[in-house]
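Colleague: Here are the chains, one letter per residue:
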Amino acid sequence: MSIPQDRKYLPSHEWHLVEGSIVTIGITKVAADQLSDITYVELPKVGTMLQAGSAFGEIESVKATSELFSGVSGKVVTINTELNNHPEWVNQQPFSQGWMIKVEATSPAELEKLWNAAQYAQVYPT
Amino acid sequence: MTQNHGVADVDVTIPLLFEEGSPGSCAVSLSKSDVPQQDVRKMLPAELVADDSPPLPEIAEMDLVRHFTRLAHRAFSVDANFYPLGSCTMKYNPRINERAAALPGFANLHPYQPVDQIQGLLELLYAVREFLQEISGLPEVCLQPAAGAHGEMTGLMLVNAYHRDRGEQRLNVLVPDSAHGTNPATCTVCSRTAITVKSRPDGKVDLDDLRKKVDRHTAALMITNPNTVGVFDEQIGDLAEILHEQGALLYMDGANMNAMLGIMRPGDFGVDVMHFNTHKTFSTPHGGGGPGSGPVAVAEKLRPFLPIPQVIKKTDATFELDHNRPKSIGKVRAFFGQVGVLVRCYTYIRSLGTEGLRNVSDKAVLSANYLAKRLEKAYHFPIPGPYAHEFILVPKFEETGVTEIDVAKRLIDHGIHPPTMSWPVHHCLMIEPTETESLRTLDYFADTMLKIAREARETPEVVKNAPHHTPISRADEVGAARKPNVRWLPG
Numbered sequence: 001m002s003i004p005q006d007r008k009y010l011p012s013h014e015w016h017l018v019e020g021s022i023v024t025i026g027i028t029k030v031a032a033d034q035l036s037d038i039t040y041v042e043l044p045k046v047g048t049m050l051q052a053g054s055a056f057g058e059i060e061s062v063k064a065t066s067e068l069f070s071g072v073s074g075k076v077v078t079i080n081t082e083l084n085n086h087p088e089w090v091n092q093q094p095f096s097q098g099w100m101i102k103v104e105a106t107s108p109a110e111l112e113k114l115w116n117a118a119q120y121a122q123v124y125p126t
Numbered sequence: 001m002t003q004n005h006g007v008a009d010v011d012v013t014i015p016l017l018f019e020e021g022s023p024g025s026c027a028v029s030l031s032k033s034d035v036p037q038q039d040v041r042k043m044l045p046a047e048l049v050a051d052d053s054p055p056l057p058e059i060a061e062m063d064l065v066r067h068f069t070r071l072a073h074r075a076f077s078v079d080a081n082f083y084p085l086g087s088c089t090m091k092y093n094p095r096i097n098e099r100a101a102a103l104p105g106f107a108n109l110h111p112y113q114p115v116d117q118i119q120g121l122l123e124l125l126y127a128v129r130e131f132l133q134e135i136s137g138l139p140e141v142c143l144q145p146a147a148g149a150h151g152e153m154t155g156l157m158l159v160n161a162y163h164r165d166r167g168e169q170r171l172n173v174l175v176p177d178s179a180h181g182t183n184p185a186t187c188t189v190c191s192r193t194a195i196t197v198k199s200r201p202d203g204k205v206d207l208d209d210l211r212k213k214v215d216r217h218t219a220a221l222m223i224t225n226p227n228t229v230g231v232f233d234e235q236i237g238d239l240a241e242i243l244h245e246q247g248a249l250l251y252m253d254g255a256n257m258n259a260m261l262g263i264m265r266p267g268d269f270g271v272d273v274m275h276f277n278t279h280k281t282f283s284t285p286h287g288g289g290g291p292g293s294g295p296v297a298v299a300e301k302l303r304p305f306l307p308i309p310q311v312i313k314k315t316d317a318t319f320e321l322d323h324n325r326p327k328s329i330g331k332v333r334a335f336f337g338q339v340g341v342l343v344r345c346y347t348y349i350r351s352l353g354t355e356g357l358r359n360v361s362d363k364a365v366l367s368a369n370y371l372a373k374r375l376e377k378a379y380h381f382p383i384p385g386p387y388a389h390e391f392i393l394v395p396k397f398e399e400t401g402v403t404e405i406d407v408a409k410r411l412i413d414h415g416i417h418p419p420t421m422s423w424p425v426h427h428c429l430m431i432e433p434t435e436t437e438s439l440r441t442l443d444y445f446a447d448t449m450l451k452i453a454r455e456a457r458e459t460p461e462v463v464k465n466a467p468h469h470t471p472i473s474r475a476d477e478v479g480a481a482r483k484p485n486v487r488w489l490p491g
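Line order of the protein sequences matches chains A and B.
Using my numbering, the first residue of the first sequence is number 1, and each one after it goes up by one.
Using my numbering, the first residue of the second sequence is number 1, and each one after it goes up by one.
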């Protein structure tokens, strides 16, 4: 499975999809596969202010717990509450149904520093 | 569920106490009451009185004894089987430790007894401190913390007190990505922010990344050395220098002290504060087997802040408690900490002596490297050796779909406890044989691992469906985590 070309990536496996000033964040298939069966996703409250490079939540699988990072600063405007009941969506559809948060970016220029799909795929080939 | 009349067989499911027994049976005989009976409904408000008796198990005494004995026989322990669990040294607990801890002179003391009646205990505590000071190369030790993580917390509280005393507030703590998970947790508990420092591909700290991240806001670096990938970072002296130049301190997590007893002393390579895990290094019981103990050793500059009281030796060779430390962070545990555990720790150190302790680490390191060498052709080793007391290997049988979990489960069929899995490197197994295993056992483990590697290629289904000889083969871990059902209901 190739990774979507329309987003920006962190080396820690989070994808960022930009639509106007809203940035949707989730994790890649590579990350979801490494974690194996995901059992819980802890997301921030709507309204939380995020700093680029800081953790916004945690993801738990039968194997491990990892932090989730944002590559952009801004305010959390929506979270995917469905993941409470369907953490398996992150395994099944990490790039669509398994999205995690939407952030209203305060400095969208920060996204320029992230990897594009080709750079990510070079380091984490599928 | 059918009654199990004690057929000692792994294939038999042991029913719950609630499912065993028969109405009217009772495992205890209470003596006749010698006080007048009262009606509970007259003594308590009506809403607090239950309609029915609680549905407790009704079971005869012998059936109860057999129930628990059968369960106990299924417990997996280092006394019965090889237990190569990396990251948390599972070493044998010599019986002499228990004998010493049960001596009435220790076991029957009361913490409020006056000091002139507990001189023997105080002498022992003083001696444990001296031993740990010598082993760590640091001038003073506090025995109060009740576990390794509690020792970490105490250590970081001391670091905070030190900076505060100098009129500084340093809010950041650097933690290499190869650290134990408790290290960043400790930072959070102590109101400090953990900042990750990168490791190089060989598992050692990236000094360039460290230099970029250390500044006047850095309170300390917390490092586990040897680290969780099983290598000793010989840059530790440089690390200390980089930190000290910025006024920051070096904290060492002593979880892996089993690799360096009598070989190296953390105080000599610039460590300012560290903790011991007596259950990992000094053969005291592991969690569940009793309370823990996490003594903290400190450099001279942290001495004034240590918890009180400290046992001190007077000029007439008697022992006393010193409460007079105005800069102390206070108490972190009631009385003297986990005294029973410290008696075991003392016994272990005394029964081995200086040469014996050095021998522990030599053998632990030799055993780990011997196993790594024997397995090098059948498994992938992401971190190059030589190793300290543990190492990481990755089962790579991609085309067959056999993973680290399958290898671990297959080990159970051979009477070996699964090693630590999937951490700190994806898909890895972390193996720590400890010093007490004979060459025969080490070879048995290596032969078994080689056999499993062959099976993974030739008959992968055998590995993927393991274990084959346990009451339950593979539990539904995903279901248990996603929809936990933690309450048993009858019927």
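Among the hints, erroneous ones may be present.
As the list claims (entries may be wrong) - In the DSS-like style, the derived pairs of lysine-lysine whose C-alpha atoms are separated by at most 27 Å in a straight line are:
#1 A:LYS63 - B:LYS483
#2 A:LYS113 - A:LYS102
#3 B:LYS464 - B:LYS451
#4 B:LYS464 - B:LYS377
#5 B:LYS314 - B:LYS301
#6 B:LYS331 - B:LYS313
#7 B:LYS396 - A:LYS45
#8 B:LYS212 - B:LYS198
#9 B:LYS212 - A:LYS113
#10 A:LYS63 - B:LYS213
#11 B:LYS198 - B:LYS213
#12 A:LYS63 - B:LYS198
#13 B:LYS331 - A:LYS113
#14 A:LYS63 - B:LYS32
#15 B:LYS213 - A:LYS113
#16 B:LYS331 - B:LYS212
#17 A:LYS63 - A:LYS113
#18 B:LYS212 - A:LYS63
#19 B:LYS377 - B:LYS363
Hint data in this document are derived by calculation from the structure and do not stem from the laboratory.
Colleague: Next, verify each hint and record whether it holds.
Modeller: Against the structure, the hints:
| no. | hint | result |
| --- | --- | --- |
| 1 | A:LYS63 - B:LYS483 | holds (16 Å) |
| 2 | A:LYS113 - A:LYS102 | holds (19 Å) |
| 3 | B:LYS464 - B:LYS451 | holds (14 Å) |
| 4 | B:LYS464 - B:LYS377 | holds (21 Å) |
| 5 | B:LYS314 - B:LYS301 | holds (23 Å) |
| 6 | B:LYS331 - B:LYS313 | holds (20 Å) |
| 7 | B:LYS396 - A:LYS45 | violated (41 Å) |
| 8 | B:LYS212 - B:LYS198 | holds (11 Å) |
| 9 | B:LYS212 - A:LYS113 | holds (19 Å) |
| 10 | A:LYS63 - B:LYS213 | violated (30 Å) |
| 11 | B:LYS198 - B:LYS213 | holds (10 Å) |
| 12 | A:LYS63 - B:LYS198 | holds (22 Å) |
| 13 | B:LYS331 - A:LYS113 | violated (48 Å) |
| 14 | A:LYS63 - B:LYS32 | violated (54 Å) |
| 15 | B:LYS213 - A:LYS113 | holds (19 Å) |
| 16 | B:LYS331 - B:LYS212 | violated (36 Å) |
| 17 | A:LYS63 - A:LYS113 | violated (31 Å) |
| 18 | B:LYS212 - A:LYS63 | violated (32 Å) |
| 19 | B:LYS377 - B:LYS363 | holds (23 Å) |
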